[in-house]
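There are 4 protein chains.
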Amino acid sequence: MTGRPWNGRRLPVALLGATGSVGQRFVALLADHPWFEIVALCASDRSAGRLYAESARWLQTSPLPASAASMRVLPADPARLPDCPLVFSALDAAVAGEIESAFAGDGRLVVSNSRNHRLEPAVPLVVPEVNADHLELIEVQRRDNPSGGAIVTNPNCSTIGLVLALKPLQDAFGLRAANVVTLQAVSGAGLPGIPSFEILDNVVPHIAGEEEKLEVETGKILGRLGERAIERCPIVISAQCNRVPVIDGHTLCVSVGLEREAAPAAVRDALESFRGEPQALGLPSAPARPVHFLDAPSGPQPRLHRDNDRGMAATVGRLRPCPLLDYKFVVLSHNTLRGAAGGALLLAELVAARGFVPGVEALDRFTPRVG
Amino acid sequence: MTGRPWNGRRLPVALLGATGSVGQRFVALLADHPWFEIVALCASDRSAGRLYAESARWLQTSPLPASAASMRVLPADPARLPDCPLVFSALDAAVAGEIESAFAGDGRLVVSNSRNHRLEPAVPLVVPEVNADHLELIEVQRRDNPSGGAIVTNPNCSTIGLVLALKPLQDAFGLRAANVVTLQAVSGAGLPGIPSFEILDNVVPHIAGEEEKLEVETGKILGRLGERAIERCPIVISAQCNRVPVIDGHTLCVSVGLEREAAPAAVRDALESFRGEPQALGLPSAPARPVHFLDAPSGPQPRLHRDNDRGMAATVGRLRPCPLLDYKFVVLSHNTLRGAAGGALLLAELVAARGFVPGVEALDRFTPRVG
Amino acid sequence: MTGRPWNGRRLPVALLGATGSVGQRFVALLADHPWFEIVALCASDRSAGRLYAESARWLQTSPLPASAASMRVLPADPARLPDCPLVFSALDAAVAGEIESAFAGDGRLVVSNSRNHRLEPAVPLVVPEVNADHLELIEVQRRDNPSGGAIVTNPNCSTIGLVLALKPLQDAFGLRAANVVTLQAVSGAGLPGIPSFEILDNVVPHIAGEEEKLEVETGKILGRLGERAIERCPIVISAQCNRVPVIDGHTLCVSVGLEREAAPAAVRDALESFRGEPQALGLPSAPARPVHFLDAPSGPQPRLHRDNDRGMAATVGRLRPCPLLDYKFVVLSHNTLRGAAGGALLLAELVAARGFVPGVEALDRFTPRVG
Amino acid sequence: MTGRPWNGRRLPVALLGATGSVGQRFVALLADHPWFEIVALCASDRSAGRLYAESARWLQTSPLPASAASMRVLPADPARLPDCPLVFSALDAAVAGEIESAFAGDGRLVVSNSRNHRLEPAVPLVVPEVNADHLELIEVQRRDNPSGGAIVTNPNCSTIGLVLALKPLQDAFGLRAANVVTLQAVSGAGLPGIPSFEILDNVVPHIAGEEEKLEVETGKILGRLGERAIERCPIVISAQCNRVPVIDGHTLCVSVGLEREAAPAAVRDALESFRGEPQALGLPSAPARPVHFLDAPSGPQPRLHRDNDRGMAATVGRLRPCPLLDYKFVVLSHNTLRGAAGGALLLAELVAARGFVPGVEALDRFTPRVG
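Residue numbers (our numbering), protein chains in the order written: chain A, 441 to 811; chain B, 441 to 811; chain C, 441 to 811; chain D, 441 to 811.
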């Protein structure tokens with residue numbers, strides 16, 4: 441499935457919230473995407489009508505793609521949008537709820553990175569390697585939405601790394617409980633985000649709403665697909681979240697309690713051999729391995745390992761027995777790649793390949809990529 | 441007990457490991473100490489014979505005290521030392537074991553910040569507010585040491601903050617278990633310590649030996665004084681330790697399981713009302729309150745709160761129920777003040793006031809300081 | 441002049457812009473001030489009416505003074521202000537111009553840290569050790585302001601360190617030219633200031649308007665008092681300004697061209713022996729020495745030396761010949777203490793002592809403080 | 441000249457100082473190099489005999505190449521080395537002098553990143569775009585070295601960025617003088633380098649020997665090739681060097697005095713249109729453009745622009761008139777890529793292409809790469 445499906449035609453896509461921090465990551469990732477082509481960059485009314493190059497203060501380390509630079513920013517209004525069935529949302533939570541609903545009501549398949557709709561019963565909250573089957577909920581949404589539009593969501597940036605590490609353990613040994621303490625990068629707060637005066641030579645041991653998201657979203661993602669909703673996984677989770685002076689990459693110190701006994705080698709093997717649907721399908725943004733197991737005394741570290749597998753892998757290290765639960769380990773993942781724009785892009789690839797995008801046929805003859 | 445006891449005479453003290461990071465903190469703290477007066481600064485043979493101002497690369501934010509600057513550094517050899525019964529050790533663990541034993545064998549009361557002797561059965565490992573009674577073990581040491589010398593030790597820098605927060609909970613509700621994840625400052629690694637290339641824009645999720653120290657030392661400090669040794673507290677502790685780009689101040693994310701049920705207000709009250717022997721005695725380096733309870737959404741933070749009560753208090757905040765154990769909270773303490781030089785100095789004050797220093801009478805007529 | 445002049449009564453003062461970064465520094469510094477007493481904290485209409493403790497997110501390392509915490513914030517309107525002839529302004533430049541004029545028009549002596557009025561011909565721009573005589577311009581203002589009010593200003597935070605180092609050289613050898621490259625702390629940008637995502641692991645080689653301020657303000661401060669205005673010093677200045685990931689303390693790399701030949705020892709001596717009117721008068725906030733000369737190979741450094749003389753001294757080091765001009769050296773000063781709130785406070789002390797505050801008699805019988 | 445010259449055979453090369461910071465960069469860059477193949481990794485006697493994976497603590501963000509990981513480290517002794525005429529040196533200056541001479545005396549062409557031989561009259565100090573003609577000095581060396589070996593050197597990491605920006609100005613307008621203030625990344629100090637305790641929340645305004653290197657090396661590189669040595673360029677340079685808390689990327693604030701008048705557009709054009717021999721030859725490591733001119737208000741910035749053109753370009757921005765000299769601007773270059781391993785690699789490519797490597801024919805039929 442390298443190269444371009446759909447007879448070589450790229451699907452036209454729109455991006456909501458294009459000028460923000462995550463929006464910029466989307467623009468960078470979509471610049472040369474083999475399947476998708478940006479046809480509309482939408483932002484607040486303040487930016488609408490201006491060139492993208494002028495309305496976004498570009499803060500990526502790769503240059504602003506010329507094709508995006510010269511696009512004129514549109515307002516986030518489905519009536520103003522060119523014909524494109526797939527829409528990415530990097531909107532701020534303050535406005536995402538209504539706008540995303542409007543686009544879904546207008547027949548678009550919205551892949552959202554915002555938190556607003558994540559916990560609605562009929563909205564899939566999906567990490568493609570973990571719970572691709574939850575996408576079936578799209579059909580539940582469509583029962584009430586004659587336009588054929590729908591919303592699918594990407595979890596919170598710290599949740600993604602956690603569930604990538606927990607899923608193989610759930611499958612192999614069952615999960616009872618997890619304690620998670622995060623050390624989160626400043627890019628997770630968006631722009632302007634946290635003032636430098638508050639984080640240099642400092643730690644802020646609080647991120648509004650983050651602990652709740654980790655505790656609640658994890659249960660939904662690891663849950664079982666029911667008739668009209670997800671049956672939450674009964675795992676007990678306790679989270680403490682900290683902001684640290686790191687640019688990119690969330691580090692999680694995790695302790696897990698398993699349902700069945702497991703030898704250290706078996707735990708490691710479960711993590712290392714874990715593969716999911718994106719790997720089976722060879723989706724363009726799929727990491728070769730969703731979990732990299734690091735056999736080194738003092739890793740993973742955000743600066744050294746956040747870009748593993750193009751920033752799309754979670755790296756797990758320091759696996760050892762836990763005196764309190766069963767095992768403890770450290771998980772690292774890139775919060776604006778795997779944890780935001782990259783994760784949503786992978787989800788969109790899955791959604792498109794599965795045929796959930798209105799008017800776009802499923803790709804059923806895959807040539808799996810060799811990882 | 442403000443002013444000077446012992447008829448106004450200050451006790452002559454020596455300092456081993458005077459040029460290192462913790463050694464410099466000792467020099468700064470002892471400069472105007474009402475009870476103690478430095479009469480000897482000892483360091484490695486490489487430094488011996490040189491002026492202190494020339495052999496220590498001074499990295500404190502207060503100026504190098506003139507009295508110390510002009511002292512000539514001595515080798516760490518008891519035979520070369522002037523008459524002083526009390527000796528502070530800030531020696532590197534690579535050499536501390538033997539040297540401290542030599543000084544104790546020579547009749548000195550050694551107050552050590554090094555880890556080497558901490559776990560020996562007859563060596564008190566003391567946080568003055570928590571287990572002042574453990575000093576009785578000094579008598580056990582003296583049964584085998586006719587010189588009258590002895591060793592008392594200060595715990596590891598991250599352990600001190602933890603036990604200051606745990607002790608009031610142990611007293612009020614009993615302790616079953618604790619999960620601790622640390623975010624530790626770079627000054628804890630001494631000098632040269634961790635290279636800047638490894639910690640800027642980064643977290644290192646490993647500190648050699650630190651997790652073991654936290655798990656083991658805590659059990660000893662919270663234990664019960666037995667006949668010839670400490671009966672360890674049976675609390676189960678699981679620790680994960682991280683180095684973060686912070687200059688001073690260790691932040692601990694703690695979850696605790698209690699033996700008896702406790703309402704949030706009772707837990708808070710136990711922490712806020714906690715006082716120990718240093719407060720009762722009014723020791724010169726005692727904080728007014730060993731635990732500061734912070735009623736704010738996003739603290740404690742190292743840069744803002746490490747200097748609370750002259751860096752001698754632990755600040756506790758974000759107290760809330762834990763889905764897994766009973767309560768979770770954040771503890772912050774200054775690792776080179778309360779967690780090293782300041783803590784050892786407070787311990788020495790306690791040791792001196794209690795009459796454990798050879799040839800120095802106990803101070804039994806205290807005028808407790810008003811905090 | 442220790443203790444309190446004016447028969448022990450403290451002068452009532454108001455503070456405009458009390459909730460911002462510099463405003464908070466003022467509140468901390470004025471908490472125990474021997475001469476001044478805050479009677480009004482003013483801020484934006486959004487804050488007015490609320491308790492100061494609730495409207496300011498306190499980010500100082502010292503605790504919020506209880507007296508300020510419980511004050512109710514007032515709007516920045518002279519008609520609403522209690523009787524106080526002296527007003528500090530830490531207002532944002534977006535609003536400072538008009539508000540300060542309104543207070544001056546209402547008979548108040550405004551000591552401003554904002555840039556708006558600095559370059560007006562009749563407004564003194566004063567560093568107390570450097571150009572105390574420029575305060576005579578207050579009389580020029582009063583010719584047009586029958587209320588008796590006036591505005592005096594404190595220079596830009598990076599200018600202050602520069603002129604403290606240049607003034608003794610001007611006096612001793614004359615000044616032809618200076619090249620200045622700054623490395624400025626993030627606190628200089630106020631709150632929220634520069635986002636952490638833009639400064640971690642980074643340098644931003646641009647600060648809007650800063651280079652112009654350095655070039656222009658320096659010429660005015662070092663200039664000569666004329667009849668109705670300042671005759672600018674003809675020194676040629678070229679400045680380049682950078683923001684660096686430092687909390688507090690601006691570092692300046694300076695090269696100077698002198699009018700007369702000067703031996704290195706003479707240059708050093710000029711810097712070390714420099715004293716000004718604040719030292720002569722023993723003003724409460726005056727540093728013992730306005731310039732600390734550092735005889736060390738690798739200083740001054742912001743973290744180690746910004747708090748010299750309670751943050752009120754400029755520290756100069758690395759004096760050496762310059763192949764291009766005559767000498768080069770490094771100057772460090774604390775940008776929110778000496779460079780903002782502390783500098784303005786010292787200026788207010790000078791203004792009050794000199795009798796420029798309406799209704800407050802000059803202090804002509806000084807008992808100079810021993811430095 | 442894409443693909444492999446010399447009939448597709450890669451030249452065997454050795455690397456001295458392979459385990460250090462710059463050594464690791466060499467290993468990463470040489471992993472897939474089209475012309476060169478590492479056949480020997482040499483390091484101190486302590487490492488010799490061990491696997492490279494075990495003796496180097498790998499701190500690059502790209503994974504350790506498998507081919508290097510499994511090589512056994514050799515001592516830095518020419519007699520122990522396999523047959524390879526080209527040798528890279530990333531040795532510490534403490535030992536580089538003698539070892540490099542020994543390899544040159546043994547018939548090897550040594551491309552060195554160390555400072556030891558840079559200023560010797562017969563040793564070329566070369567930035568390939570700037571002074572490729574200086575390589576003729578190799579013949580001068582060979583008059584005294586019958587083995588046919590020779591040493592060529594790469595300048596100091598901060599000098600490279602400076603001369604890349606100065607050379608086009610020298611060519612177009614002549615150079616009188618330059619003032620340079622650097623803000624240098626911590627990776628420039630190697631490993632362990634500067635302790636984190638000394639650079640977090642800090643600036644160190646001194647780097648031993650760095651200012652002299654900038655002043656002296658620049659004159660040699662911009663000089664004219666004479667009979668047996670370089671005639672130094674008479675430009676007057678004054679440098680001040682600072683270490684800042686940045687991982688990679690040296691920022692230079694430069695003011696220049698030109699010999700001939702130049703309009704701003706002409707200066708910009710000279711910088712933008714600058715190309716050198718590496719671009720003409722299409723050398724594998726050559727940047728498309730050695731100088732990137734940035735037309736943005738607040739750049740270049742190390743985190744955003746250090747990787748421009750794979751870290752091999754200098755980025756110049758903020759060009760504006762200088763009140764003191766003629767123009768001022770900011771230059772940024774990656775100190776361990778362009779400024780060390782990458783620059784030395786480009787130099788080796790030039791040396792090989794020109795036929796200076798013993799036994800390797802010059803590449804005279806180039807197919808210039810399209811930039």
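Simulated from the structure, these hints should not be mistaken for laboratory data.
The beta-carbon is built from N, C-alpha and C at its ideal position, and this holds for glycine as well.
A couple of the hints might just be wrong.
[As the list claims (entries may be wrong)] Estimated spans, in silico, between C-beta atoms of each pair:
no., chain 1, residue 1, chain 2, residue 2, range
1, A, Arg-486, C, Gly-448, 27 to 33 Å
2, C, Ala-509, A, Glu-494, 43 to 49 Å
3, D, Arg-664, A, Arg-449, 56 to 62 Å
4, D, Asp-735, A, Pro-632, 46 to 52 Å
5, C, Glu-671, B, Thr-501, 37 to 43 Å
6, B, Arg-490, C, Ala-706, 28 to 34 Å
7, A, Gly-489, D, Glu-477, 36 to 42 Å
8, A, Arg-449, D, Gly-614, 36 to 42 Å
9, C, Leu-665, D, Asp-532, 56 to 62 Å
10, C, Ala-509, B, Asp-709, 46 to 52 Å
11, B, Ala-703, C, Ala-471, 34 to 40 Å
12, A, Gly-489, B, Arg-750, 54 to 60 Å
13, D, Leu-559, C, Ala-705, 51 to 57 Å
14, B, Arg-616, C, Arg-450, 33 to 39 Å
Index of numbered hints that the structure contradicts, given in increasing order:
Numbers 1, 4, 7, 8, 10, 13, 14 - these are the hints that the structure violates, sorted from lowest upward.
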